[in-house]
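Visitor: Please put together the full structure from these sequences, using the hints given.
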Amino acid sequence: MTLPNYNRWDDGIEGVARRIAETEQTPLRVLAGPGTGKSFSLMRRVARLLQTGADPRRILVCTFTRTAAQDLTKDLARIGMEQATEVHAGTLHSLSFSILSKHIVLQLTGRNPRPLLSFEEKFLVDDLINPEFGGVRDRQERLSAFTAAWSRRQHEEPGWPLDRVDRLFQADLLQWLRFHEAMLIGEIIPETLQYLQNNPLAEERQLYDHVLVDEYQDLNRAEQELVNLLAENSALTIVGDEDQSIYSFKYAYPHGIAEFRDRRPETHDENLSDCRRCPQSIVSMANSLIANNRIRTNRMLNPLPTNPQGEVNVVQWGSLEEEANGIARFVAHKIHSGEVRAGNVLVLAPRQKLGKPIRDALINLHIPAHSFYQDSALEGNPRHIDQCNAQQAFAILTLLAKPDDRVSLRCYCGFGSETLNRVEWAALREYCQRTGENPMDVLEAISNGNAAIPRTDNITARYQELRDILQRLNGLDGQVLVDGLFPGDQEWTTSFRLICDQIEDDRKTPSLLHETILNALIQPELPTDVDYVRVMSLYKSKGLTADLVVITGCIQGLIPTPPNQELPLDLQNELLEEQRRLFYVGITRTCQTLILSSITRLPTNLAYQIGVPVLRNDRRYTDTITSPFMGELGPRRPRPIPGNTLIRGIP
1 MTLPNYNRWD DGIEGVARRI AETEQTPLRV LAGPGTGKSF SLMRRVARLL
51 QTGADPRRIL VCTFTRTAAQ DLTKDLARIG MEQATEVHAG TLHSLSFSIL
101 SKHIVLQLTG RNPRPLLSFE EKFLVDDLIN PEFGGVRDRQ ERLSAFTAAW
151 SRRQHEEPGW PLDRVDRLFQ ADLLQWLRFH EAMLIGEIIP ETLQYLQNNP
201 LAEERQLYDH VLVDEYQDLN RAEQELVNLL AENSALTIVG DEDQSIYSFK
251 YAYPHGIAEF RDRRPETHDE NLSDCRRCPQ SIVSMANSLI ANNRIRTNRM
301 LNPLPTNPQG EVNVVQWGSL EEEANGIARF VAHKIHSGEV RAGNVLVLAP
351 RQKLGKPIRD ALINLHIPAH SFYQDSALEG NPRHIDQCNA QQAFAILTLL
401 AKPDDRVSLR CYCGFGSETL NRVEWAALRE YCQRTGENPM DVLEAISNGN
451 AAIPRTDNIT ARYQELRDIL QRLNGLDGQV LVDGLFPGDQ EWTTSFRLIC
501 DQIEDDRKTP SLLHETILNA LIQPELPTDV DYVRVMSLYK SKGLTADLVV
551 ITGCIQGLIP TPPNQELPLD LQNELLEEQR RLFYVGITRT CQTLILSSIT
601 RLPTNLAYQI GVPVLRNDRR YTDTITSPFM GELGPRRPRP IPGNTLIRGI
651 P
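Numbering (the working numbering), first residue to last: 1 to 651.
Hint data in this document are derived by calculation from the structure and do not stem from the laboratory. We put the beta carbon where it would ideally sit given N, CA and C, even for glycine. Incorrect hints may appear among the rest.
Unchecked claim - Have a look at the derived ranges for each label pair, beta carbon to beta carbon:
1) Asn228 <-> Asn605: 44 to 54 Å
2) Asp483 <-> Glu132: 44 to 54 Å
3) Asn228 <-> Ala426: 37 to 47 Å
4) Asp483 <-> Leu174: 36 to 46 Å
5) Ala426 <-> Gly634: 55 to 65 Å
6) Ser337 <-> Thr419: 51 to 61 Å
Said to hold, decoys possible - Derived DSS-like pairs: lysine-lysine, alpha-carbon spacing no greater than 27 Å straight-line:
7) Lys102 <-> Lys402
8) Lys508 <-> Lys402
9) Lys102 <-> Lys250
10) Lys122 <-> Lys250
11) Lys402 <-> Lys122
12) Lys250 <-> Lys353
13) Lys508 <-> Lys102
14) Lys250 <-> Lys356
Guide: Spelled out as structure tokens, the structure:
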């Protein structure tokens, strides 16, 4: 795929944005590298449509995050587009959820779009007890294979699933989901697609005159086909960059943007390659890095002559503690000197256990800092009661908001049991399937002596405990409810309380708290206008910009995370290239200063926990190796320095 460099033909971003906004050809493909004005061009496109009389209610803008959608409508409102609030802007996932939530769709599909969270999947996997399915790991692999097949549309191939055991597994899986009135997150898009495919007159296929899709490279095949259906009678615009595709674990299909013209020969192309965000040194390093990927076109970023040279430091520390304290001192110095605001600092750590010490060190220096690892907020072992406090609290909140939620009831009845009480729950489920009764009603009847099911003493006791908690919290709202669910003196509640703080006290009802937390967990969004340092993973930084960016954990095993050696070599290479794209995304977040940080050793137990190869085990520490990506950053990468050199002279 060779594209003309329109930037050199016209008056820069304004010229390209104007052509993108005004082109009448459809479909339109915009290839936009990091910092090249993609969001600006997308806004101009929507603004032009509104200026020329397009009905805002018939414009769909699919963005990667809800934050991006909100930013788009705010930007349009700022330039006087009063109709912007009527544009349908949101994520493809939220659109699908709303389609499936319509009562008529539920009747037609026979499914309930209640999403199953990761910790809840553990109960599903444990309940699928059939000797032919193998152990827990085998069952999890089968579940992952089904999710992958739905996302990649392999399930539409003749005879799927081919294997007899796979057919049994699929039947038991769907039976469990139907009984618990739930759906896997990976099913939501394919289920929506199937509904629209089977109903050619569905109103959703006729709703839009214009469909615009951002971050197209991060869509999987099912999502790309869903876009095609939504836009079958519309003008379609896709925007993306294959060099920023980082979501293979969600089965993204980055080749889709390159193959788009093959499917639609009438496509009009625009190319944004002038990087307005990054300093010249960063652009040079980014180009050198990404050129090592074989599965890509030869598009390169152009550094603007007016961009600063930038400040880049590659540093190494002796330990995790030295790194945390040193980075915190450097950031604090930059803030106190007025060079940056706290809200314009990003600390990107590939694991929460590396980011947390830096956040804590910043707070100790009186620099406001928050970490954003919501995807780990519900981590924990549900088999040990003291290791799943967050999971229990979320299950309680769900039942306060939705008293008939069967998944949360199932989980609460299993918390603290080595077997998750699967045998007892199976007996209850078999009884309910035979009688048609609700499992909570049956447990209440057993508690009152009005029913009896053998071998259900443990789950009955758990239900009685749950009932008492719900009765105590029922009727509460505001901060009192938040404190009752997520006590402020517990570390595991930090992420939840931060999410709850976004809601005004008089609106903190169980339903709104549940909805807000669920959205934050499923479709995490990050605040962009803040007054504190943000600490997060490289994945979370997608779409963000900062004056000072620190990337920590630049060691083999974290950056890159090595692929499974049992995978075919071609797939291993693809996964390694994605890790390189992730690093590319991270270094191109900065407008001024970049710090690339590594350490020489880790506590051995921590290394095992976060997946770092243990090279020398003296029972306490293991040596680490600097990331091989450091050697791919080209001649503009500065020579690495010891950490104490970076902070020399800083009080």
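Visitor: For each hint, tell me whether it holds in the structure or not.
Guide: Here's how the hints hold up against the structure:
no.	hint	result
1	Asn228 <-> Asn605: 44 to 54 Å	holds, 49 Å
2	Asp483 <-> Glu132: 44 to 54 Å	holds, 48 Å
3	Asn228 <-> Ala426: 37 to 47 Å	holds, 42 Å
4	Asp483 <-> Leu174: 36 to 46 Å	holds, 40 Å
5	Ala426 <-> Gly634: 55 to 65 Å	holds, 59 Å
6	Ser337 <-> Thr419: 51 to 61 Å	holds, 58 Å
7	Lys102 <-> Lys402	holds, 17 Å
8	Lys508 <-> Lys402	holds, 15 Å
9	Lys102 <-> Lys250	holds, 26 Å
10	Lys122 <-> Lys250	holds, 18 Å
11	Lys402 <-> Lys122	holds, 21 Å
12	Lys250 <-> Lys353	holds, 23 Å
13	Lys508 <-> Lys102	holds, 25 Å
14	Lys250 <-> Lys356	holds, 26 Å
When held up to the earlier numbered hints, the structure conflicts with none and fits them all.
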